Amino acid sequence: MIQTETAQQRPAAASDPFLAAFARIEQARDRQPVWPAWIFPLRKAGLARFAELGFPTLQQEDWRFTNVATIAQLPFRPLLAPGEVPPPADLAVKLPLAELTGPRLVFVDGHFAPALSSLGNLPKGVKVASLAAALATDGPLIQQHLEQHVRDNANAFAALNSAYFQDGAFVFVPAGVVVAEPVQLIHLATSKEAGAAVNLRHLLVAEPDSQMTVIESYLAAPDAACFTNVVTELVAASGARVEHCKFQDESAAAFHIAALHATFGRASNVWHHSFALGARLSRNSIRARLEGEGLECVLNGLYLPKGDQLMDHHMVVEHVAPRCASHEYFNGILDDRAKGVFHGRIHVNPGAQKTDAKQTNKNLLLSDEATVDTKPQLEIHADDVKCTHGATIGQMNEESIFYLRVRGIGEDLARRMLMHGFAGEIIDRVQHPVLREALDQIVWARLEENPQIAEGK
Amino acid sequence: MSLLEIKNLHAGVEGREIIKGLSLTINPGEVHAVMGPNGSGKSTLAAVLAGREGYIITQGSVFYKGADLLDLDPEERAREGLFLAFQYPVEISGVNTTYFLKAALNEVRKHRGQPEVDAIEFLELIKDKIQLLELREDLLKRSVNEGFSGGEKKRAEILQMAVLEPTLAVLDETDSGLDIDALRIVANGVNRLRHPGHSQLVITHYQRLLNYIVPDFVHVLSDGRIVKSGRKELALELESKGYDWLIKGHPGQLQPA
Numbered sequence: 089m090i091q092t093e094t095a096q097q098r099p100a101a102a103s104d105p106f107l108a109a110f111a112r113i114e115q116a117r118d119r120q121p122v123w124p125a126w127i128f129p130l131r132k133a134g135l136a137r138f139a140e141l142g143f144p145t146l147q148q149e150d151w152r153f154t155n156v157a158t159i160a161q162l163p164f165r166p167l168l169a170p171g172e173v174p175p176p177a178d179l180a181v182k183l184p185l186a187e188l189t190g191p192r193l194v195f196v197d198g199h200f201a202p203a204l205s206s207l208g209n210l211p212k213g214v215k216v217a218s219l220a221a222a223l224a225t226d227g228p229l230i231q232q233h234l235e236q237h238v239r240d241n242a243n244a245f246a247a248l249n250s251a252y253f254q255d256g257a258f259v260f261v262p263a264g265v266v267v268a269e270p271v272q273l274i275h276l277a278t279s280k281e282a283g284a285a286v287n288l289r290h291l292l293v294a295e296p297d298s299q300m301t302v303i304e305s306y307l308a309a310p311d312a313a314c315f316t317n318v319v320t321e322l323v324a325a326s327g328a329r330v331e332h333c334k335f336q337d338e339s340a341a342a343f344h345i346a347a348l349h350a351t352f353g354r355a356s357n358v359w360h361h362s363f364a365l366g367a368r369l370s371r372n373s374i375r376a377r378l379e380g381e382g383l384e385c386v387l388n389g390l391y392l393p394k395g396d397q398l399m400d401h402h403m404v405v406e407h408v409a410p411r412c413a414s415h416e417y418f419n420g421i422l423d424d425r426a427k428g429v430f431h432g433r434i435h436v437n438p439g440a441q442k443t444d445a446k447q448t449n450k451n452l453l454l455s456d457e458a459t460v461d462t463k464p465q466l467e468i469h470a471d472d473v474k475c476t477h478g479a480t481i482g483q484m485n486e487e488s489i490f491y492l493r494v495r496g497i498g499e500d501l502a503r504r505m506l507m508h509g510f511a512g513e514i515i516d517r518v519q520h521p522v523l524r525e526a527l528d529q530i531v532w533a534r535l536e537e538n539p540q541i542a543e544g545k
Numbered sequence: 006m007s008l009l010e011i012k013n014l015h016a017g018v019e020g021r022e023i024i025k026g027l028s029l030t031i032n033p034g035e036v037h038a039v040m041g042p043n044g045s046g047k048s049t050l051a052a053v054l055a056g057r058e059g060y061i062i063t064q065g066s067v068f069y070k071g072a073d074l075l076d077l078d079p080e081e082r083a084r085e086g087l088f089l090a091f092q093y094p095v096e097i098s099g100v101n102t103t104y105f106l107k108a109a110l111n112e113v114r115k116h117r118g119q120p121e122v123d124a125i126e127f128l129e130l131i132k133d134k135i136q137l138l139e140l141r142e143d144l145l146k147r148s149v150n151e152g153f154s155g156g157e158k159k160r161a162e163i164l165q166m167a168v169l170e171p172t173l174a175v176l177d178e179t180d181s182g183l184d185i186d187a188l189r190i191v192a193n194g195v196n197r198l199r200h201p202g203h204s205q206l207v208i209t210h211y212q213r214l215l216n217y218i219v220p221d222f223v224h225v226l227s228d229g230r231i232v233k234s235g236r237k238e239l240a241l242e243l244e245s246k247g248y249d250w251l252i253k254g255h256p257g258q259l260q261p262a
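Going line by line, the protein sequences match chains A and B. Counting the first sequence from 1 gives a position; the numbering used here is that position plus 88. Counting the second sequence from 1 gives a position; the numbering used here is that position plus 5.
Isolated chain B, as found in the complex (with noise of 0.2 Å):
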């Protein structure tokens, strides 16, 4: 059975069309990128999958685990495995970071009927994560994402989804905004976390990700719909011959491969 099938997808916002019929198929294990130019879908597909609200679906579907993904509420979806690391992480003051991480792992935990974790095992549990992602512990004390610097709050992303060993992750734009070495750190992070259980859906404006997160498919996204998909290679070629040798190449006419 393949983990996320969405089919025939399509969902706006604001009375806007954004996704015009996406199909996607993710089989556990597998890490997909998806590729597109501003305003193809990107980040609309991520908020869709991670249940924002104010995201009309109008048409078509979306089943993970097998079930109605678009029936869950935003933590329900969460604690069935599926993560989102933000584009923009929030900065939530006065919310302590540790309190914060510890609660979302109990959700999980309790969700999956595990035993919840006290205050000294999370601490055990995330102290070698930290140090994969090369961050500094005081930052667990301090308030969620405030005062961390555009890279710190990439990395924290990450340490979260080490945290919570989801499902299925999806990493959108988690490439923005960050110089080579962070973007080095982020990227052994999350491949670490590669494993026959877990699948990655990783949305991307530049191919420079792809060097370090290496997918087994490559999707390209435009006016909300995928134009194209192939091998790690497809990622390649759109980076010599750019975006504009699928969309206005071949309008309306590509298909999935």
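Only chain A is shown next, with the shape it has when bound in the complex (with noise of 0.2 Å):
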């Protein structure tokens, strides 16, 4: 442990990797320009706070729980170019979620891969593209709002994603534009060099009164020991209606940080969920700003980590116009010696009343050795507001099975109903019904894979 802080709290000297890769960054801008000049201000600005906070370290609140030292230790080494072997044309076919139809935009160790992409018929004034290739086209509408959103000053990892970030995605609906079918932004890391570091910017924008529903899946090569970190940044403008999905099932060796920074406008209806199922160390960061009145949105989530995988949902919701409805659904299932980390801080301002706010965390353990630190927060600052929050972690209810069994049930299936229950809990909270069916197989296939419920204890 102590050799762990003297790691992170290393400051960026002139040998630093990550110095020596922004010269890489720099070089590439003045022999090849393709990025307005507009960003290279917000990379050096990133750089210079990733240096200040260094990797967050155990003594920091919101990281009390979560070790990073394995990634701070990695040899840093941005994917600045894409791969030289291009992944097979047909591996799209055979992913998960391949059951969707609609756009898809797919990103090999954070390079936008267009042989592998599609985009169909898309509505009018609809924009699916690589964040790079949007740059040259649509700047100042991206200008707007990148880096906007991202309002966490104290996010190392934003900051260097900011720093680094090769590419992404750019999705803009225009206002009261319709698009039925989901956005795929699938990620695949195949890079095996420990320390390979991906850092991806998406920007997701629902004008007002559109609709669109974005997919983000994070999936890897078995033994692909990249580094992935992701800031999305997501805007549901006045009357828009979003659902935004995060799959994430990287490999067992994988290390995944990701962000999501989003401002929701009045009346705007939101659901985003996060489906933690691979990496080794996974990171999600919620940063929800409820800016306009009368809002509703929902963050959901569901992580199912075995092994030695820890995985870390880390959570504020702010409530800034009044009206709002946030509710918060987390439900994780833990095998193994595996690790689960909760936080969820709901922040009510002076002016936000009638505030209508629901947070809860249950944990399933599996195991003896499986453990949570969960930790649920309400910061109120109105006096006519309705907040709740709770957290429990057990064990599978005895009682239950012992009803189940009493109704003819074999221990077996009872304790797989109880499981998919819980699961499912979350699961049908997700509104697209060919998504929520593809995911509702994927997770069951996953907990049947659970030698514990096959052994029926």
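If you are wondering where the hints come from, they were derived from the structure by calculation, not from laboratory data. Heads up, some of the hints might be wrong.
Now the in silico label distances, taken between C-beta atoms and shown as ranges [to be verified]:
1. B:Lys115 <-> A:Asp396: 36 to 44 Å
2. B:Arg236 <-> A:Ala533: 33 to 41 Å
3. B:Asp221 <-> A:Ser455: 49 to 57 Å
4. B:Lys115 <-> A:Glu536: 20 to 28 Å
5. A:Thr480 <-> B:Asp76: 34 to 42 Å
Some residues of chain B that are not near chain A, with every Cβ distance over 10 Å (derived) [said to hold, decoys possible]:
6. Glu22
7. Ser98
8. Gly99
9. Pro120
10. Gly152
11. Ser181
12. Gly202
13. Lys237
14. Glu242
Source: prediction; values computed, not measured. Cβ atoms here follow ideal geometry from the backbone N, Cα and C, with glycine treated the same way.
Two chains, two frames, some hints: make the complex.
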């Protein structure tokens, strides 16, 4: 642990690999100026902020339960160019969620792969493109939003992302337009090099009264050891209806750090889902700002760590405007020596009267060695609000199993039913029917692999 | 052949003997009531019959349909037609009521060598039963017992019983916590199931329930033994005289009638 702290508190010295990597970005800019001029200062600011912050340590309240020393100790090798061997063209049809139709952008090790992507017929004015490409065509539109929704200055990983992001997706739905089919952003990690770092930046904008469904999926070759660091900025303007689903199933050697920075407008309806299945260590940081009056948002998540996996969800929901509802539901099923971390803070500003905020975190432990640290918090500065929170950690309820058995259901099926039910509570909140069904099958198959269930104890 | 034959049963939990030599025989089509004060062993009897874990049988035997009941797992007992209506039905979050009850019915049907029912057949089959118990159909779409009122939970137990059509139903304090209207609905549901191939063991503290579910036999349980048995009039006698009349007046001397 002591060794860890030393490694983490290292300032960005001149010989620092982070500076060296940045010099490569700077040279590339001079040689081939593909990025608009305003991007570079943004990168420099990110680098400076990262140098100032360093990697987080366990001393910081927001990182008390998640030790990122293993990431800090990796050699930092940002993948600044696409790999030389492209993945097979039929790869996308074999992936999970392949049954979903609609536009898809595929990124391999953080770089857009046009050959694997398809756009289909998009309604007029809708933009679904690689961010790097869109900067050339829609620079001013992107400039209005990019980095504007990242409000967490203390997040070193977001700062690192600002400095090094190479690509990502730009999804833009103009006012009043409905995109019925889900837009899929598929990420494949293939690099086996330790410390290979993928920095992705997504910008998703739903203008007033528009509708969109966006799915971010993170997948990996079985032994890919990438460090993925993604920042998604999501805007749901007034009256917009947005469903945003993140599905993470990277390899057991991967590190996955993700931040969602979201701004919701008046009377918008937003569903965010996080399904965490893979990676050795993953952190989902969610920052939602409820800016317009009378909006409703659901933040919903399921994590299924096993082996030595650590899965962390860290959330701050900020009620700025009155009469907004935010409901958070996070369930975890943990096995082996896995660790779960949940931190949820609901912050109600003085003006946010009639706030209706609810937060629950439920954890099912399948093994004696699995652990959970959960910390639901309320910070209320208004006097006419309805806020509740709660967390549970426990084994499978023997009383429930007995009840099912007394009705003729065998013990094995009883355990499966309870487990499926626990996950099903979360899956049922997914609005898009095909996505819901696909996730249900993936989660069910994953739980079925679990020997604890098969053994019946 | 009798349906259920309990002979000199001794059973307990956590090292404490609660049932101390209980004998009881139920024949097909009969309704028996077991009454007794708190702590007399009523719920232990229900737990032992259903096969709850942690209950140890130290002596005696329980035969059901001529076979040793105690050898069977809880689910095997259920498939053989033994039903327990819980005193405190369990809320099972995330498990849909229809899905659960259809799975339970199909387990029983498989065991009987009958074809399984599909979702449409199941809904057809349950429709009348829901009306009989005056339950709302949308309860079927909810998680098992979750958010049900106390009365709804008890009625849902009887709904399950109506669907599973058991040979022997054990009702464990089904009347507790019910107001008079709910009690009437529950009793009506139970009575509709009464036929020569169906027996009931009604466990209750109060005589009140027996105004609605009229038993063929009444047994008084005290300190783990049946201290008096009689016809339905015994319940009325208990109502007017109280349990003390039996328990204190004749310590340890009463034998089953």
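Going through the hints against the structure:
1. B:Lys115 <-> A:Asp396: 36 to 44 Å: holds (41 Å)
2. B:Arg236 <-> A:Ala533: 33 to 41 Å: Hint violated: Cβ distance 59 Å, outside 33 to 41 Å.
3. B:Asp221 <-> A:Ser455: 49 to 57 Å: The hinted range 49 to 57 Å holds for aspartate 221 (chain B) and serine 455 (chain A), with Cβ atoms some 51 Å apart.
4. B:Lys115 <-> A:Glu536: 20 to 28 Å: holds (21 Å)
5. A:Thr480 <-> B:Asp76: 34 to 42 Å: holds (37 Å)
6. Glu22: holds (22 Å)
7. Ser98: violated (6 Å)
8. Gly99: violated (3 Å)
9. Pro120: holds (16 Å)
10. Gly152: holds (13 Å)
11. Ser181: holds (17 Å)
12. Gly202: The claim stands: glycine 202 (chain B) keeps its Cβ more than 10 Å from every Cβ of chain A (closest is about 18 Å).
13. Lys237: holds (28 Å)
14. Glu242: holds (33 Å)
Going through the hint list in order, the structure does not satisfy hints 2, 7 and 8.
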